[in-house]
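Colleague: If you want the building blocks of each chain, they are given just below.
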Amino acid sequence: HLAASLPLPAERDHLRPRIDMIVFMIDIKSKYSLKNVEASLAYVDASFFLGKVCFLVTGVGRVNCCSIEMNAVWKLGETYCSPVLFCELEVEGIRVATAQRLLRMLQICAGHVPGVSALSFSSLMRKSAND
Amino acid sequence: MDETVAEYIRRTVLKIPRDEIKTMLQEWGFLSEAQLQTINFHQIKENISQDVVQLCEDNSANIKQAAVLDVIYNHIYPNKRVWSVYQMNKTGEETVIFDLTDFKKKFKRGLRSALKNVTINFRVYEDNAIWIRIAWGTPYTRPNQYKTSYVVYHSQTPYIFISASVLKSNLPLLCQALVAASNYHDIREMELRSHSLNSLKDIVFKRYSQNFQTYYPKPLPERNVAPESDLRIIDENKSEKERIERVNREIFGDGPQPKLEFAQYKLETMFKSDPKMDVLDKKEPFRCLVKFSSPHLLESLKSLAPAGMADAPLSPLLTCIPQKARNYFKIREKKSLLPGSFVSP
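In order, the protein sequence lines correspond to chains A and B. Following the numbering used here, the numbering of the first sequence begins with 1 at its first residue and continues without gaps. Following the numbering used here, the numbering of the second sequence begins with 1 at its first residue and continues without gaps.
I should point out that these hints are in silico values taken from the structure, not numbers from a laboratory. Be aware that a few hints might be false.
As the list claims (entries may be wrong) - Below, simulated BS3-like cross-link-like pairs (lysine-lysine); rule was C-alpha separation at most 25 Å, straight line:
no. : chain 1 : residue 1 : chain 2 : residue 2
1   : B       : K291      : A       : K29
2   : B       : K168      : B       : K291
3   : B       : K330      : B       : K272
4   : B       : K90       : B       : K266
5   : B       : K106      : B       : K168
6   : B       : K105      : B       : K147
7   : B       : K206      : B       : K330
8   : B       : K324      : B       : K206
9   : B       : K80       : B       : K291
10  : B       : K238      : A       : K35
11  : B       : K241      : A       : K31
12  : B       : K80       : B       : K15
13  : B       : K15       : A       : K31
14  : B       : K90       : B       : K106
15  : A       : K29       : B       : K266
16  : A       : K31       : B       : K291
17  : A       : K35       : B       : K64
18  : B       : K241      : B       : K266
19  : B       : K241      : A       : K35
20  : B       : K15       : B       : K90
21  : A       : K31       : B       : K238
22  : B       : K80       : A       : K29
Take these sequences, add in the hints, and give me the full structure.
Modeller: Right, here's the structure in full:
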């Protein structure tokens with residue numbers, strides 16, 4: 001399901017299946033994109049932040065068009081205990097690889113991979129300096 | 001043949017893309033078909049232009065004949081120049097039948113009465129467009145063929161398209177001569193400028209697709225079209241997207257937009273800030289210039305809302321550009337009880 005922002009339109013509530021994972025896409029070229037994600041986070045139930053949320057930063061191939069502070073993005077990931085992934089959608093190889101990663105994460109979040117739960121994503125969050 | 005003429009012809013030919021040189025020379029008609037056959041159009045342009053100059057020498061070209069080639073070039077590549085639009089007014093209802101010879105005579109007389117040193121060329125095209133090329137000199141110097149103004153006049157309309165050169169001081173004289181020659185009373189600048197001459201014509205002749213208040217029924221044709229995106233992707237905001245598309249279509253119409261490169265807004269409005277901030281306690285207008293630029297401004301404005309970068313509908317200050325036929329605006333405070341801004345003519 002694609003949405004431009006949260007909350008989701010109420011009129012479609014009855015058509016929606018269970019939500020297993022939320023990927024917040026932040027376009028590196030658009031300050032508005034980051035603001036929009038920050039505003040939408042307020043509408044997410046706390047239980048999602050146990051591994052079912054991830055941030056995807058797109059457009060990283062064009063570093064010269066960067067409009068957002070990378071510190072702000074890292075902080076967002078830390079505050080919400082969720083992984084931050086980077087990709088460049090315009091390059092097919094990276095796009096496909098990112099999609100495969102997200103798909104794998106989704107399988108885990110939906111409980112389709114026995115023995116692995118979404119909670120283990122938080123271990124990806126630890127900075128190596130802290131270990 | 002004068003060496004300035006030779007140099008002028010050489011430089012004009014060099015401007016033309018190599019594949020087009022032969023056709024333009026044929027259209028020019030100054031060199032005979034037999035002469036054109038002797039030129040090798042596959043060599044480098046430097047050599048082609050030398051050959052052309054040599055043949056023109058044989059035919060003793062003068063500057064007026066050379067200027068015709070320049071007119072042809074600019075008619076095919078008008079987008080290399082910036083064009084401004086002017087509108088003429090006449091008081092009274094007399095419809096005078098347009099006479100081309102009379103127009104040309106009066107125009108030349110009008111210009112030459114003030115400035116003897118000008119080169120004037122006329123060329124008429126099938127769409128009733130009269131192209132006028134003027135090379136300006138001064139009372140003491142010969143006309144500078146590289147400082148030219150172009151005028152395009154559709155005689156059945158009151159509109160004039162001028163591409164002035166750097167010599168802006170000659171503009172009033174040019175306007176006077178045009179008004180007198182076409183039997184109008186006065187002329188005003190429309191604050192509409194662009195590189196694309198055809199788009200300017202589209203705007204003033206209302207040839208672009210306009211936003212009529214048409215009722216769009218539920219899109220029947222779409223049911224037969226295969227869905228564009230994968231059925232597994234569900235858009236939560238589909239109704240909002242459809243609303244944006246609809247509003248956009250109502251504002252911009254369905255067809256391609258005229259091509260403009262700039263929109264400029266000169267603001268002379270009061271600065272409105274949080275009263276606690278107390279910025280600018282002198283109650284004077286805050287002068288500010290806002291300029292939008294784009295390779296194709298109207299198309300980019302049209303794509304802003306669908307791309308999620310602006311709310312739909314867009315500000316009328318932006319969307320009124322084709323209807324008002326202007327892209328340079330002055331915005332002043334509305335002098336009334338209600339605060340607001342007002343676009344001045």
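Colleague: The structure should be examined with respect to each hint, and the outcome stated for every one.
Modeller: Tested hints:
1. For the given pair, B:K291 sits about 21 Å from A:K29 by alpha-carbon distance, which is consistent with the 25 Å threshold.
2. Our distance criterion of 25 Å between C-alpha atoms is met by B:K168 and B:K291, whose separation comes to about 22 Å.
3. Restraint check for B:K330 and B:K272: the C-alpha separation of about 18 Å stays at or below 25 Å, so the hint holds.
4. As the CA atoms of B:K90 and B:K266 are separated by approximately 30 Å, the hinted pair breaks the 25 Å bound.
5. For the proposed pair B:K106 and B:K168, the alpha carbon gap of about 22 Å is at most 25 Å, so the pair holds.
6. A hinted pair counts as satisfied when its Cα atoms are at most 25 Å apart, and B:K105 with B:K147 qualifies at roughly 23 Å.
7. Restraint check: the Cα-Cα separation between B:K206 and B:K330 comes to about 23 Å, which is no more than 25 Å; the hinted pair holds.
8. Distance check on the hinted pair: B:K324 and B:K206 sit about 11 Å apart at the alpha-carbon level, within 25 Å; holds.
9. The straight-line distance between the Cα atoms of B:K80 and B:K291 is roughly 21 Å, inside the 25 Å bound, and the hint therefore holds.
10. Distance check on the hinted pair: B:K238 and A:K35 sit about 22 Å apart at the alpha-carbon level, within 25 Å; holds.
11. Distance restraint check for B:K241 and A:K31: the Cα-Cα separation of roughly 21 Å lies within the 25 Å cut-off, and the hinted pair is therefore satisfied.
12. Taking the CA atoms of B:K80 and B:K15, the gap is about 11 Å. The hint holds against a cut of 25 Å.
13. Between B:K15 and A:K31 the alpha-carbon distance is near 44 Å, which puts this suggested pair outside the 25 Å criterion.
14. Among the hinted pairs, B:K90 with B:K106 is consistent with the structure: their alpha-carbon atoms are about 17 Å apart, no more than 25 Å.
15. About 29 Å separates the Cα atoms of A:K29 and B:K266, which puts this hinted pair outside 25 Å; it is violated.
16. For the suggested pair A:K31 and B:K291, the alpha carbons sit about 21 Å apart, so the restraint of at most 25 Å is met.
17. Using a Cα cut-off of 25 Å, the hinted pair A:K35 and B:K64 is violated, with the two alpha carbons roughly 63 Å apart.
18. Pair hint B:K241 plus B:K266 does not hold up; C-alpha atoms about 33 Å apart against a cutoff of 25 Å.
19. Straight-line distance between C-alpha atoms of B:K241 and A:K35 comes to about 20 Å, which keeps the hinted pair within the 25 Å bound.
20. This hinted pair does not check out: B:K15 and B:K90 have alpha carbons roughly 40 Å apart, beyond 25 Å.
21. Proximity of A:K31 to B:K238 is assessed by CA-CA distance (about 24 Å); at most 25 Å being required, the pair is judged to hold.
22. Restraint check: the Cα-Cα separation between B:K80 and A:K29 comes to about 32 Å, which exceeds 25 Å; the hinted pair is violated.
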